[in-house]
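Enquirer: Here is how the chains run, residue by residue.
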Amino acid sequence: MFRARHLLGIEHLSPQEILAVLDLADRYVDLNRRTVKQSDALAGMTQINMFFENSTRTQASFELAGKRLGADVMNMSVAQSSVKKGETLIDTAMTLNAMHPDLLVVRHGSSGAVNLLASKVNCAVLNAGDGRHEHPTQALLDALTIRRAKGRIQRLSIAICGDIAHSRVARSNLILLGKMENRIRLIAPPTLMPAGVGEFGCELFDDMCKGLEGVDVVMMLRLQRERMDGGFIPSEREYYHRYGLDAEKLAHAKPDAIVMHPGPMNRGVEIDGELADDINRSVIQEQVEMGVAVRMACMDLLARNLRADRGAKAAGVMA
Amino acid sequence: MLLSLHKGTAMTLFLENARIIDPEGDTVTTGNVIIDAGQIAAIGAASAPKGAQVIDCGGACLAPGIVDWGVKIGEPGERHKESFRSAGLAAAAGGVTTIIARPDTTPAIDTPEVLEFVTRRAAEASPVRIRHMAALTKGRDGREMTEIGFLLDAGAIAFTDAARVTTDAKVLSRALTYARSLGALVIGHPQEPGLSKGASATSGKFASLRGIPAVHPMAERIGLDRDLGLIEMTGARYHADQITTARSLPALERAKANGLDVTAGVSIHHLTLNEFDVGDYRTFFKLTPPLRSEDDRLAMIDAVASGLIDVIGSFHTPADEESKRLPFEDAASGAVGLQTLLPASLRLFHAGQLTLPQLFRALSLNPARRLGLPQGRMAEGAPADLVLFNPDTPFMLDRFTLASKSKNTPFDGARMEGKVLSTFVAGHQVYGAAS
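The listed protein sequences correspond, in order, to chains X and P. Per the working numbering, the first sequence starts with residue 1, numbered consecutively. Per the working numbering, the second sequence starts with residue 1001, numbered consecutively.
Quick caveat, the hints were computed from the structure, so don't treat them as lab data. Beta carbons: idealized from backbone N, C-alpha and C, even for Gly. Just to be clear, a hint being listed does not mean it is correct.
Just some of the chain X residues that point at chain P, by a computed CB distance under 7 Å [as the list claims (entries may be wrong)]: (1) Ile90; (2) Ser111; (3) Gly112; (4) Pro189; (5) Met193; (6) Gly196.
I would like the entire structure built from these sequences, with the hints used as guidance.
Expert: In structure tokens form, the structure reads like this:
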């Protein structure tokens, strides 16, 4: 069912492949809740995490996922590596490739950098976020969280709010939720709404209260100040006033609507701190839990394809 | 096979049975052409003069050689990317008989001394003619105009800061005013640099999906509007290097109708490719300005057909592998084009969008005319700069067969039609395809 060699983006996945990941991830959720959280799905395999952008949460999640599946996990901290000495991305990739890793988890600040890297190595590559392009495991873990909270991942009304222009999370979610036939509403100040996004078949709002009217799911995004070159919004307090999620604005959504956030949160900028901690509405902690399970599922599926691929090649050599 | 440089006096040649393309007369006729003393001596003669070397064209097309306006050559500074020799060889193989070179070298061509150096180097090394544009401001910094008078005397054919926009309107207006008094032609790059800063794609659905920083096409119109305002103010002669979006066309049309001395060009890539060709971050398709929508591409073809856009060029920009094998945002911008300009242009002919005389009007006649060169015409007395080609020969482009030192072509692996058989410069054959 899951045929991909790499996981570079949601764009390349079919709805069946998405469901295959979610179904397997559900089983890993159960495993992760046991005391002995061990599987041998990746036994003997080597996983390298290459994070060209700083990350604590995602890197920890991938590291834990790999270790629970029995892989040898290495974290390459780019701050101490040859990348700082002027080595190009491809040279770094080729060097690592020569060490025969089986899974390469990559985060990079430029859109498309992970695609470029994947074309040069012969192991499975997982995109852990590239520029403002895609962050597929985040979209998959969001889908799993929604499915477990709402019982389905189809025919829901879902609002994505905030800094959409700079967000790879928004792009991956937009594609995934669209593929699964949901109604998507994008809510953002016009300066943070990417061009041409209306053509993706979603509704656009710059008034948050109208946009949240009757939705099942509210996905908040982090205001990505590090990607902004100034002047997208007048001030954080005005942004919070107009686009920060608080109880008053959330009252426009369905009474059982859930609140999501990919983290890390800027409390008081895009979300009210109390609301974020409200266990009746917020599923932000569940998202983190689902993250490990989804990443285990993705790596397991890719490793299966990698083994099948290598097996086929070996059979070809013998024949 | 490449033949020797054109030294000494040329032989008398009799080119028989050619489809003669005359962009001035807008005709295609079958006949013979006599070349003597480096010039076209007669068109339509019945028989060869005594002692002439007879070349049977076998019904292939004979057109004025291409005048490619806006070519980047790596000398001085980046000879590993392109030298006068390699650019000249690529030009000869592509039917380009005159290269109009850009001054965005390292250092910039902004003094008569540098200009004299590159002029001498070019004459020694290149089988085709090379003329140089000079920088409009010192160091292309946009602060102080260059010695426009001295540079004209030293042979500068026009003045431009290439893709760097002179943001200070006062500096530009003074340079334009000064250039006007000398009759110098100034070439602008219409773009609002504040809007296009950091962008490497055209804004829209595709760029948003790929997450590439993008610029709205209006940035080009705003840049053009400003330049045209300054032209109206100063009365200078102006050429917009590349017009690539439909939004710029009404402004250009109005300026021409109002009698401003304005012309415009477009790159062959913007006539044959669109934004979707970038696909999965293919950096050979990263250009300046970025590739546009399909609607824009079609509008540009119409504008060339109507004559609103005067010139088609390759905007040949060599880039080495290292500068292209990077994430899209970080990769160098530009593509080589000297050798693919003709076959790519012939796509427009084969699609029925432009006739052969229309094509060579934009490739040869108009650029030569605008730059005050005698080339580009199929007429008695004109320089015998000619290209003989078969427009129908199909081939698959392999970028490693290109003569350029840099192989960054967006047409790698593309199916193309049109093969150059021979290229003549001043009556000398500088390229002949191996039979």
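Enquirer: Hints first: check each against the structure and report whether it holds.
Expert: Going through the hints against the structure:
1. Ile90: holds (5 Å)
2. Ser111: Interface hint status for Ser111 of chain X: holds (4 Å vs cutoff 7 Å).
3. Gly112: Holds - the Cβ of Gly112 of chain X comes within 7 Å of chain P, reaching about 3 Å at its closest.
4. Pro189: Pro189 of chain X check fails; min Cβ-Cβ to chain P is 16 Å, beyond 7 Å.
5. Met193: The hint is violated - Met193 of chain X has no Cβ within 7 Å of chain P, the shortest such distance being about 9 Å.
6. Gly196: Cβ of Gly196 of chain X sits 3 Å from chain P, so the hint holds.
In this structure, the hints that do not hold are numbers 4, 5, in rising order.
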